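Participant: Letter by letter, the chains look like this.
There are 2 protein chains.
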Amino acid sequence: MENKKKSTIKDIAAVLGLTPSAVSKALNNHPRISEKTKLAVKEMAVELDYQPNFLSSALRKGKSNLVGVIIPRVNSHFFSSVVENIEKMLNLNGYNIIMTQSNELYAKECQEIDTLLKIQVDGIIASMANETTNLEFYEKIKSRGTELVLFDRGEEELNVDYVGIDDYKSSHLVVDHLVSQNCKRIAHIAGFHHIRIYKERIRGYKDALEKWNLDIQDNWIIESNLRIEDGRQIMQQLLNAPERPDAVYVAGDIAALGALQVLLENNIKIPEEIALVGFSDEPFTSLTQPSISTINQHSDQIGKLAAEAFLNRMSHPKKKTVNRIILEPELIVRQSSKRI
Amino acid sequence: MENKKKSTIKDIAAVLGLTPSAVSKALNNHPRISEKTKLAVKEMAVELDYQPNFLSSALRKGKSNLVGVIIPRVNSHFFSSVVENIEKMLNLNGYNIIMTQSNELYAKECQEIDTLLKIQVDGIIASMANETTNLEFYEKIKSRGTELVLFDRGEEELNVDYVGIDDYKSSHLVVDHLVSQNCKRIAHIAGFHHIRIYKERIRGYKDALEKWNLDIQDNWIIESNLRIEDGRQIMQQLLNAPERPDAVYVAGDIAALGALQVLLENNIKIPEEIALVGFSDEPFTSLTQPSISTINQHSDQIGKLAAEAFLNRMSHPKKKTVNRIILEPELIVRQSSKRI
DNA sequence: TATTTTTGTTCCATCGTTTGAACAAATATA
DNA sequence: TATATTTGTTCAAACGATGGAACAAAAATA
Chain A
58 MENKKKSTIK
68 DIAAVLGLTP
78 SAVSKALNNH
88 PRISEKTKLA
98 VKEMAVELDY
108 QPNFLSSALR
118 KGKSNLVGVI
128 IPRVNSHFFS
138 SVVENIEKML
148 NLNGYNIIMT
158 QSNELYAKEC
168 QEIDTLLKIQ
178 VDGIIASMAN
188 ETTNLEFYEK
198 IKSRGTELVL
208 FDRGEEELNV
218 DYVGIDDYKS
228 SHLVVDHLVS
238 QNCKRIAHIA
248 GFHHIRIYKE
258 RIRGYKDALE
268 KWNLDIQDNW
278 IIESNLRIED
288 GRQIMQQLLN
298 APERPDAVYV
308 AGDIAALGAL
318 QVLLENNIKI
328 PEEIALVGFS
338 DEPFTSLTQP
348 SISTINQHSD
358 QIGKLAAEAF
368 LNRMSHPKKK
378 TVNRIILEPE
388 LIVRQSSKRI
Chain B
58 MENKKKSTIK
68 DIAAVLGLTP
78 SAVSKALNNH
88 PRISEKTKLA
98 VKEMAVELDY
108 QPNFLSSALR
118 KGKSNLVGVI
128 IPRVNSHFFS
138 SVVENIEKML
148 NLNGYNIIMT
158 QSNELYAKEC
168 QEIDTLLKIQ
178 VDGIIASMAN
188 ETTNLEFYEK
198 IKSRGTELVL
208 FDRGEEELNV
218 DYVGIDDYKS
228 SHLVVDHLVS
238 QNCKRIAHIA
248 GFHHIRIYKE
258 RIRGYKDALE
268 KWNLDIQDNW
278 IIESNLRIED
288 GRQIMQQLLN
298 APERPDAVYV
308 AGDIAALGAL
318 QVLLENNIKI
328 PEEIALVGFS
338 DEPFTSLTQP
348 SISTINQHSD
358 QIGKLAAEAF
368 LNRMSHPKKK
378 TVNRIILEPE
388 LIVRQSSKRI
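As given, the protein sequences belong to chains A and B, one line each in that order. Heads up, the first sequence is in the working numbering, so the first residue is 58 and it goes up one at a time. Heads up, the second sequence is in the working numbering, so the first residue is 58 and it goes up one at a time.
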């Protein structure tokens, strides 16, 4: 009932009266093998339900055709969409991916990196956890000779290929839009400034305010992990303050959802009293009541480009120049900020 | 700067004047190796930053210490929590996991199974996609001699270890509760009945209605994929019908969220006009306004038990008896159904 | 016909680790 | 002291696939 033992090239060779090496060459379309034998071998391979042994070929070739993908949370449309597109692209090129999540924890991220290196992936495509400031483990990837590509959350000092959007410009798009809607007191629920993308969003926000001659109030820039509870708590804090903002720009959609809940619970009119803009274009932003304005980060593009960057590295291993791809952000205006 | 070549047991052996095999045995705590040598080997291993070559040892041992986990969606608290607990348990026992998602698609699921088999995982722990009716690929896992454990969505005919909750009883809990809140016209937004767990929920729902002498209306049992749009659309459909239900029991929280949105958009008082109960205890159910009553499926327990089932199989490979673990569901009553 | 080239295959070492068997040295038992 | 047992290590053969070198046979060129 159960044909326990899997067949190997040896079995095929035995049946056909060939050597294993001839079979291997036939399967790999070696030019010196006759068409006749190739055909016979391939037919027999199907017949015996032969599955190449990944471990042995990877060991021999020193190449696993596996790529590790590390993302902070899998439970986010942006990240899962990026992964989906990485996978699509890599599958086309004979690679399989192994997806792991850090849950935004530095310790977990280190562990995942170790696991991936242990399994001997050919490369790692990653977006860093919020907690991560020590780049030691990423250096380790590089020093092991494993390819590394970063997307979204990546640090320049690592000096590796990177794909992301122009975060500085995103903030300008948001502020410009809010100003056009007659908002004058714009607060920013930010991510931690030790992460480059959030630092850039903060910088863009400040520069844009300055551009429009608006006050920059330090207590209107509040950094957090951007979880839903963070959004709720910080929004409450902003409402309790002596002077309320008339617009809130949140550096993540999940936190924006939390902020929205608090606004609704306090019967605040959106966008009339306070306008709200999120970041990432998570699907739920179009489903809330009111729907939330946000920034589209082109997750499909990012995934595809990150995969291509990896493939490029693999085909040109000597190339030293680092490639940084920065995409244009796109503002999506919805009910939560459309006053006019 | 980059110490390209990774060290092997050969390198350690060379430095210490031993053979590779002695080093291997020392690292694996073989009883016949002296403590002195073990110590020396282990120190040198650290010094040379030795990382065991996973590929070669897996090849030699015929065991990869890798477990594949297939879930329908990663973007769900239930599933990601199960995976987290599987991982925790397996890591403690020297296994690493590879997480993959089917996106509820049969084709994707088959592809993931093939990838996992190719990588030669020691076992697969899976919850089946909504689409899956053909069990051929799961049979393939078994016939390859790879261990298989199913959780939540699993079919009995596969005859493998299973961990899940008592879905039939869950429906009784929900209906009993709704009846206690004076609901008399209870509709059911269901999953597809070709999936065992949804079939059981439907069966439980019907039997419970019968128990309370309530009418079973066939047009009040509507099957779907239970996505957010499904919940929205079906709720709208129920509202448009000549006779409206006074309670809706949704077989999934995401769809329940969609239903809630539609109820709110139509200014229907919850739970007074229509009470709502979901399924799975996704975190957002406690955050919505009103919060949603739901069923706790004990995702942490399920993950732990599924991992243990796998570990058991590995340590007793000959055991033929199949283990089905059925946990007790727990009803969590929140605002959306608390009339009294 | 003698020689070179091409073609199709086999031979063999290799990737890094593991493991049973073999063996010498040290220790215990008679 | 002779023999049996234990201890610590080496030897050699795997695991399955790969690929360069070697080699014989067939075909092409002189």
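Just so you know, the hints here were simulated from the structure itself, not pulled from any lab data. Treat the hints with care, as some may be off.
Claimed, not checked - DEER-style ranges, computed between Cβ atoms:
1. A:K263 x B:K118: 56 to 64 Å
2. A:Q294 x B:K268: 46 to 54 Å
3. A:K268 x B:R242: 53 to 61 Å
4. B:K118 x A:L105: 41 to 49 Å
5. B:R117 x A:N380: 47 to 55 Å
6. A:S91 x B:N282: 50 to 58 Å
7. A:Q293 x B:T378: 51 to 59 Å
8. B:H134 x A:I278: 24 to 32 Å
Said to hold, decoys possible - Computed footprint of chain B on chain A; a stretch qualifies when at least three of its residues, placed anywhere within it, have a C-beta under 8 Å from a C-beta of chain B:
9. 126-135
10. 215-225
11. 299-309
12. 358-364
Since the structure is predicted, the reported quantities are computational estimates derived from the model, not experimental observations. Note that the Cβ used here is the ideal one computed from N, Cα and C, for glycine as well.
Participant: So, for every hint listed, does it hold in this structure?
Facilitator: Here's how the hints hold up against the structure:
no. : hint                        : verdict
1   : A:K263 x B:K118: 56 to 64 Å : holds, 58 Å
2   : A:Q294 x B:K268: 46 to 54 Å : holds, 50 Å
3   : A:K268 x B:R242: 53 to 61 Å : holds, 59 Å
4   : B:K118 x A:L105: 41 to 49 Å : violated, 24 Å
5   : B:R117 x A:N380: 47 to 55 Å : violated, 39 Å
6   : A:S91 x B:N282: 50 to 58 Å  : holds, 52 Å
7   : A:Q293 x B:T378: 51 to 59 Å : holds, 56 Å
8   : B:H134 x A:I278: 24 to 32 Å : holds, 31 Å
9   : 126-135                     : holds (count 4)
10  : 215-225                     : violated (count 0)
11  : 299-309                     : violated (count 0)
12  : 358-364                     : violated (count 0)
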